[in-house]
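Colleague: Sequence:
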Amino acid sequence: MRVKLSSFFQSEKERCEEELRSLSLSAFSFLVDRGGLNDFLSVVALSPCFKCLFWSHPLWIQEIFTPEGLSPKGWEDHWAALEKILRGTEVLEALRTYKQKEHLRIGVRDLLSLGETSGILEELSRLADAVIEATLRWVEKELQGTYGVPMDPSGNRVPFAVIGLGKLGGVELNFDSDVDLIYVYGTEKGKTAGPRVVDNHQYFVRLSEALTRALSAITPQGQIYKVDLRLRPEGDRGDIVLPLRSYEIYYESWGETWERAALIKARPVAGDGGLGQAFLETVRPFVYRKYLDFKALDEIRELKLKIDAQAKKKAGGYDVKLGHGGIREIEFVTQAIQLIYGGRDPWIREPNTLRALHRILGKGLLSQVDYHALTEAYVFLRRLENRLQMVECLQTHTIPAKALERERIAHMMGYGGDDPWSKLAEDLERRRGKVHAIFERFFSPVKEEEELVYLEDEELERVLIAHGFRDLSRAMRNIKTLAEGKAFEHPSPETKGLFSRLFPILLEVASKTVSPDWALDHLEALASVQSEGRRTFYAFLLENRGVLDLLLKIFGSSAYLAHHLIAHPELMDYLADPAFLYSLSPLEEMEEELERDLESKGIYSFAAKLDELRRWKHREILRIGMGDLFAGFPLQRITHMWTKVADVVVRRLWAWSGMEGMPLCLLALGKWGGRELTYHSDLDMIFISREEGVSFNAPAVDLVRSLSSVTAEGTLFKVDLRLRPHGSRGEMIYPLKDFLKYMDRSAQLWERQAMIKVRPVAGEPSFLEEAIDAIQERVYQHPLPSGVARKIWDMRLRMEKELASGDPYHIKYSPGGLVDLEFLVQYWQLLWGGEYPKVRKTST
Numbered sequence: 001m002r003v004k005l006s007s008f009f010q011s012e013k014e015r016c017e018e019e020l021r022s023l024s025l026s027a028f029s030f031l032v033d034r035g036g037l038n039d040f041l042s043v044v045a046l047s048p049c050f051k052c053l054f055w056s057h058p059l060w061i062q063e064i065f066t067p068e069g070l071s072p073k074g075w076e077d078h079w080a081a082l083e084k085i086l087r088g089t090e091v092l093e094a095l096r097t098y099k100q101k102e103h104l105r106i107g108v109r110d111l112l113s114l115g116e117t118s119g120i121l122e123e124l125s126r127l128a129d130a131v132i133e134a135t136l137r138w139v140e141k142e143l144q145g146t147y148g149v150p151m152d153p154s155g156n157r158v159p160f161a162v163i164g165l166g167k168l169g170g171v172e173l174n175f176d177s178d179v180d181l182i183y184v185y186g187t188e189k190g191k192t193a194g195p196r197v198v199d200n201h202q203y204f205v206r207l208s209e210a211l212t213r214a215l216s217a218i219t220p221q222g223q224i225y226k227v228d229l230r231l232r233p234e235g236d237r238g239d240i241v242l243p244l245r246s247y248e249i250y251y252e253s254w255g256e257t258w259e260r261a262a263l264i265k266a267r268p269v270a271g272d273g274g275l276g277q278a279f280l281e282t283v284r285p286f287v288y289r290k291y292l293d294f295k296a297l298d299e300i301r302e303l304k305l306k307i308d309a310q311a312k313k314k315a316g317g318y319d320v321k322l323g324h325g326g327i328r329e330i331e332f333v334t335q336a337i338q339l340i341y342g343g344r345d346p347w348i349r350e351p352n353t354l355r356a357l358h359r360i361l362g363k364g365l366l367s368q369v370d371y372h373a374l375t376e377a378y379v380f381l382r383r384l385e386n387r388l389q390m391v392e393c394l395q396t397h398t399i400p401a402k403a404l405e406r407e408r409i410a411h412m413m414g415y416g417g418d419d420p421w422s423k424l425a426e427d428l429e430r431r432r433g434k435v436h437a438i439f440e441r442f443f444s445p446v447k448e449e450e451e452l453v454y455l456e457d458e459e460l461e462r463v464l465i466a467h468g469f470r471d472l473s474r475a476m477r478n479i480k481t482l483a484e485g486k487a488f489e490h491p492s493p494e495t496k497g498l499f500s501r502l503f504p505i506l507l508e509v510a511s512k513t514v515s516p517d518w519a520l521d522h523l524e525a526l527a528s529v530q531s532e533g534r535r536t537f538y539a540f541l542l543e544n545r546g547v548l549d550l551l552l553k554i555f556g557s558s559a560y561l562a563h564h565l566i567a568h569p570e571l572m573d574y575l576a577d578p579a580f581l582y583s584l585s586p587l588e589e590m591e592e593e594l595e596r597d598l599e600s601k602g603i604y605s606f607a608a609k610l611d612e613l614r615r616w617k618h619r620e621i622l623r624i625g626m627g628d629l630f631a632g633f634p635l636q637r638i639t640h641m642w643t644k645v646a647d648v649v650v651r652r653l654w655a656w657s658g659m660e661g662m663p664l665c666l667l668a669l670g671k672w673g674g675r676e677l678t679y680h681s682d683l684d685m686i687f688i689s690r691e692e693g694v695s696f697n698a699p700a701v702d703l704v705r706s707l708s709s710v711t712a713e714g715t716l717f718k719v720d721l722r723l724r725p726h727g728s729r730g731e732m733i734y735p736l737k738d739f740l741k742y743m744d745r746s747a748q749l750w751e752r753q754a755m756i757k758v759r760p761v762a763g764e765p766s767f768l769e770e771a772i773d774a775i776q777e778r779v780y781q782h783p784l785p786s787g788v789a790r791k792i793w794d795m796r797l798r799m800e801k802e803l804a805s806g807d808p809y810h811i812k813y814s815p816g817g818l819v820d821l822e823f824l825v826q827y828w829q830l831l832w833g834g835e836y837p838k839v840r841k842t843s844t
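For the sequence shown, position 756 (counting from the first letter as 1) is numbered 756 according to the UniProt record's numbering, and the numbering increases by one without interruption.
Just to be clear, a hint being listed does not mean it is correct.
[As the list claims (entries may be wrong)] If you anchor each label on the Cβ, the simulated ranges turn out as follows:
(1) ALA712 to ARG355: 54 to 62 Å
(2) GLU458 to ALA81: 45 to 53 Å
(3) VAL529 to ALA81: 54 to 62 Å
Derived from the structure by calculation, the hints contain no laboratory data.
In this text, a Cβ means the ideal position worked out from N, Cα and C, and glycines have one as well.
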């Protein structure tokens, strides 16, 4: 190295010379004789890692510091050496040692500027190709000893290939890079022909797992390569290997823009070359669209935004890979142009970044000025990245904070003198500025608040706490699902972009609800059941801010209404109608509107009408709930609204069942009779007929079944018939004469009390009036039994004991609860109703 070192590193160089003399005099003499001592000492003074390797393997000094050792090597050169290793013993250990020595050799060539940066990166890549191929062959040999060769049904051997992506695929591997791989095999049809037979998929899963372990295992001799398989379909959740046809189906059906960009760099690196080429042919239509695909710009911008948000969390100095003006921005500009124009122009379909930029320039898709700025910066940054990794042989991309370490990096980059870092920093900043300006022209920046969704967990937790969330782990899971979908769901980049815009609004609105946790919980559940997908749902919410506000208000306040909306997502359209909440018609008009609606939709069959009636009730539940929560409707209005809905439902079923004109009536009791229905009330009812000896059981049973049966559209109301004579053991329908006889002779006090609530709902009007008058006469005009107050009190105590379940705060049955109020009012009604007709009210 012809670089003037600072005083510290000059002293380090002298220390290294003394250590070498003591360690290996022969190596020292060898270097002196060859004129390589100064270069060697500069290398080990600047790289503690290289020094450690040479001190551990002094014989390597005499192998590397020769004209042959410092010359470039290609795949064939490596393969000649690796074939010998494969014929020996302790193969994996030998492969690790070989890779370690060759990495050191290439690193020395780079530090001594004995090759162009692009050439050095290619040398590292060709070494990886050869070592992965050798490792695969050894693993295959071991595995086939157990399972035999995988065969298809025709008796042909099924091929396997390793596809390189990322820097390996682009033939531009770092000094200390992961290797991004995808594994593919020919067909899952067939099985192995060996001692232990397994189907082809099982075999190739085991082969892929064994190959990954062999490459990634860490031993005292080091690691062959750290393998990254996350670019495969479904990432960590997906199968480790797939047949070729499965890749085709996946990318056709669910592939995203980031996967298209990743596959630009796809290159077969080991295994069956024919299968590797078939893989490239298979994915090419997915990667390169026939039309000019400018939409890719927005989607790559979203990806870069996510990377920027993640990079913000990292401590330390500038990241040459992910920082502004860094390597990733150059790659994104290159890949964006390839994705946009590559479908029409095969010439620019090139995995290597520098060669791709040259071809893009040749096609006039990039100016000379931008081309030179990008290529110059790319070479500079890749040299800098290699030197950062050569210090300790670690995968790092960050400029160190300490002055001495910065000085070391500057010397390794060829900057001399006493303040080499300032010169390097100046050159770095100039190149970064040019790259980032070009990147911004391609990808316009977005609003800062849209970055929220891409924050790292710790930072996002702080944001959630500030917005009132309590269950942070649950909120984080919900956000991840809203942004990325559930397992095996594949939201498009456009969908993800819409959510990134929606997310800050969502946080703001949810923070104003009673429970932000509930709001987010329920929103995720609703998004998951959208028949038209998340994209349409998110777009709708962004375009209808009022709906989003109201929706989250509901979700953060009422689990009942939230679950109702989730079960019936079509109701969300009503949230966009300002008049919906207050457009409640009188009973008869509601029935007429319902009939007109059925006619306009061409709904005539009983079953179809029944489902439409259920859908109508779902809508009314939403209206009532919103009025209760947000419009300040008084309790009496809410209970009357519920009662009106029940009345409409029963009266329509009565008409559709052909019961109009029958000498029969339906009477409401309990909360329904008192117009006091609430959200989960049953309908207490009894049927009374005019005639004796005529059975109307069948239509009555059908009506009850229609009310209470559960279908895909849900249910209408639960029905309770136990207030009829003899309760559940009694007849379905009683003639009025028999019913009154029961009231006169057999009814207990509580049954007389229950009849206070009787109200006509359906049937012939004159008969309804007759029945109500006769029942009320027996409730109010007949003498009360002796000790009526005590009997009501005893019944009240029994209800508390049996139904309150020991809960001192049971709203209905505990002392001071609703039943106390109802019994007190009913006692007064029984006591005074005969004398004062005005107290004969069904409502408490």
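Colleague: All the hints need checking, so say for each whether the structure fits it.
Modeller: Checked hints:
| no. | hint | result |
| --- | --- | --- |
| 1 | ALA712 to ARG355: 54 to 62 Å | holds, 59 Å |
| 2 | GLU458 to ALA81: 45 to 53 Å | holds, 47 Å |
| 3 | VAL529 to ALA81: 54 to 62 Å | holds, 60 Å |
The structure fails none of the hints (numbered hints given earlier).
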